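Protein chains in written order, with my numbering: chain S, 1 to 208; chain W, 1 to 273.
Derived from the structure by calculation, the hints contain no laboratory data. Do not rely on the hints blindly, as some may be mistaken.
As the list claims (entries may be wrong) - Cβ-Cβ distance ranges computed for the label pairs, FRET-style:
id: 1; chain 1: S; residue 1: F86; chain 2: W; residue 2: S140; range: 28 to 36 Å
id: 2; chain 1: S; residue 1: T106; chain 2: W; residue 2: K11; range: 54 to 62 Å
id: 3; chain 1: S; residue 1: D181; chain 2: W; residue 2: G262; range: 57 to 65 Å
id: 4; chain 1: S; residue 1: G75; chain 2: W; residue 2: D175; range: 16 to 24 Å
id: 5; chain 1: W; residue 1: A165; chain 2: S; residue 2: G71; range: 25 to 33 Å
id: 6; chain 1: W; residue 1: Q248; chain 2: S; residue 2: F110; range: 40 to 48 Å
id: 7; chain 1: W; residue 1: N169; chain 2: S; residue 2: L176; range: 23 to 31 Å
id: 8; chain 1: W; residue 1: I210; chain 2: S; residue 2: D112; range: 20 to 28 Å
id: 9; chain 1: W; residue 1: I210; chain 2: S; residue 2: E105; range: 32 to 40 Å
id: 10; chain 1: S; residue 1: F110; chain 2: W; residue 2: A136; range: 30 to 38 Å
id: 11; chain 1: S; residue 1: E105; chain 2: W; residue 2: G262; range: 28 to 36 Å
As the structure is a computational prediction, the values presented were derived from the model and not from experiment. Glycine included, every Cβ here is placed at the ideal spot set by N, Cα and C.
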Amino acid sequence: MGISPIGGVVSSNYRVATTVGVGLVIFTGINLEAGVAIATTIGALVNSLQALQKAILASIHPFIIRFIDRGDYRGYKIAIWLQYIFVSSAFNALIVFLAMALGAETVQLFLDKVPAFVMTGLGVAGNVLVVIGLALTTQAIWMKNAFYVLMGFVLHRYIGLAILPIAAVGIIVAVLTFTRDMELKTLKESFATAGASSGSKEGDDFYG
Amino acid sequence: MAKYQFTPEEKKYVTKGALLTFWSMISNAQQVMQAKSFAMSMIPALKVWYKDDPERMKEIMLMHADTFFNSHSVGHSLIAGIALAMEKERAEKGQVTTEAIQSIKASLMGPTAGIGDSFYYNVVRVIAAGIGIGLAVNGSLLAPLVFILIYGGIVWGSKYYFYIAGYTNGVSLVDKAYQLGIIPLLSRSASVLGGIMVGALVSSYVKLNIKFAPTFGGAVVDMQAVLDSIAPGLLAFVIWWLTFKQLQKGMKPMTLIWIIMGGCILLAALKIV
Chain S
1 MGISPIGGVV SSNYRVATTV GVGLVIFTGI NLEAGVAIAT TIGALVNSLQ ALQKAILASI
61 HPFIIRFIDR GDYRGYKIAI WLQYIFVSSA FNALIVFLAM ALGAETVQLF LDKVPAFVMT
121 GLGVAGNVLV VIGLALTTQA IWMKNAFYVL MGFVLHRYIG LAILPIAAVG IIVAVLTFTR
181 DMELKTLKES FATAGASSGS KEGDDFYG
Chain W
1 MAKYQFTPEE KKYVTKGALL TFWSMISNAQ QVMQAKSFAM SMIPALKVWY KDDPERMKEI
61 MLMHADTFFN SHSVGHSLIA GIALAMEKER AEKGQVTTEA IQSIKASLMG PTAGIGDSFY
121 YNVVRVIAAG IGIGLAVNGS LLAPLVFILI YGGIVWGSKY YFYIAGYTNG VSLVDKAYQL
181 GIIPLLSRSA SVLGGIMVGA LVSSYVKLNI KFAPTFGGAV VDMQAVLDSI APGLLAFVIW
241 WLTFKQLQKG MKPMTLIWII MGGCILLAAL KIV
């Protein structure tokens, strides 16, 4: 099991497995190997259900957002906490509890009743849903052309740069843009002072 | 840089915001990651600034809560502090745009996630665990507590420090930019950087592989291999573009969630993904 997920890549549910394994060995006195074996099974079980958990989290998000629409910020905070306690945390605890009470095999058998494509589909959706948030961010910073986004995509996917070097390239491009804009601005101002008309139009298009 | 002078009221809402970012990881949703807790940390300050304009506050909250945000816990606090400083300028003088704030968020979240993960997970946590394990081997019950205090203390301490640092330095920088009158220009170049980073994030977060491999008279055509030979990751980019276009046309994010989840289950049933 990978212990350290770098940059948000989750490898396996080591938290649940650790808790279960240590708990079993300490409280029931079974030997270490047996404890690890049971823990890995349950850890894997929890992981296979993570797709479902993610689907729930994704679908309740719009409902939590509605608290903002109503201006109810207290309700918003409470909703976030409830989501954390019940969906993010108690969900795993429930699976562990069921696995302990009924045996991991029984839970697995029950899971097998769910068509495999549902879990596969939800798993795939988990990696695609993020596109919504990214598209919303794009919408907020949209500058009428997709070339900058394409550039970041190409740098990451084809040139294989890590995020930090891409940020460095991005900063360079941003500084170049800034320098050019600055020069254009001073140029415009010198024209404006040289000419008779005032430069009051300047900058208006930035505020909409 | 001279030490930043807080007004008493400002100190109150900034401290509240810093404490709220301690819970940066509690709101997870696949489509926007930590955005809801990010927005949550802005509530105390926004409530003061937009006392008389609740509609504007709603808009700003929605903008933060319903766009993608994901970083390491400490990076999260740093960016929340900087974003708050930019919001302050916007509330007081109104030159900073949504575009600029979102660009800065999008540009910083990736790099800080990488640095934070490497440093706090792989250095601080390992050292804290080492000390804890050392105690545990000697049979001390304090071991887990020591681990939690060292690791948690350092992470929460850093979160608080970086939030305040992000805010105070952010305010000074934005003030300076305002005096120089270059905020519109800075916004433009920030969104260049933001656009590039969004592209990198699309590439690193969105994953979709096609399993569909039909057989024609014994010859297997692996569709993913075909797509990869045209352009790897093409699907991720296409999906991003389609989603973006639909949003531009006014489709609700909620509808998109159902379309994507339903679509993926349907494709899985057809054994395509």
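These are the hints, each one checked on the structure:
{"no.": "1", "hint": "F86/S x S140/W: 28 to 36 Å", "in the structure": "holds (35 Å)"}
{"no.": "2", "hint": "T106/S x K11/W: 54 to 62 Å", "in the structure": "holds (56 Å)"}
{"no.": "3", "hint": "D181/S x G262/W: 57 to 65 Å", "in the structure": "violated (45 Å)"}
{"no.": "4", "hint": "G75/S x D175/W: 16 to 24 Å", "in the structure": "violated (35 Å)"}
{"no.": "5", "hint": "A165/W x G71/S: 25 to 33 Å", "in the structure": "holds (31 Å)"}
{"no.": "6", "hint": "Q248/W x F110/S: 40 to 48 Å", "in the structure": "holds (43 Å)"}
{"no.": "7", "hint": "N169/W x L176/S: 23 to 31 Å", "in the structure": "holds (24 Å)"}
{"no.": "8", "hint": "I210/W x D112/S: 20 to 28 Å", "in the structure": "holds (25 Å)"}
{"no.": "9", "hint": "I210/W x E105/S: 32 to 40 Å", "in the structure": "holds (33 Å)"}
{"no.": "10", "hint": "F110/S x A136/W: 30 to 38 Å", "in the structure": "holds (37 Å)"}
{"no.": "11", "hint": "E105/S x G262/W: 28 to 36 Å", "in the structure": "holds (32 Å)"}
Comparing the model with each numbered hint stated earlier shows that hints 3 and 4 do not hold.
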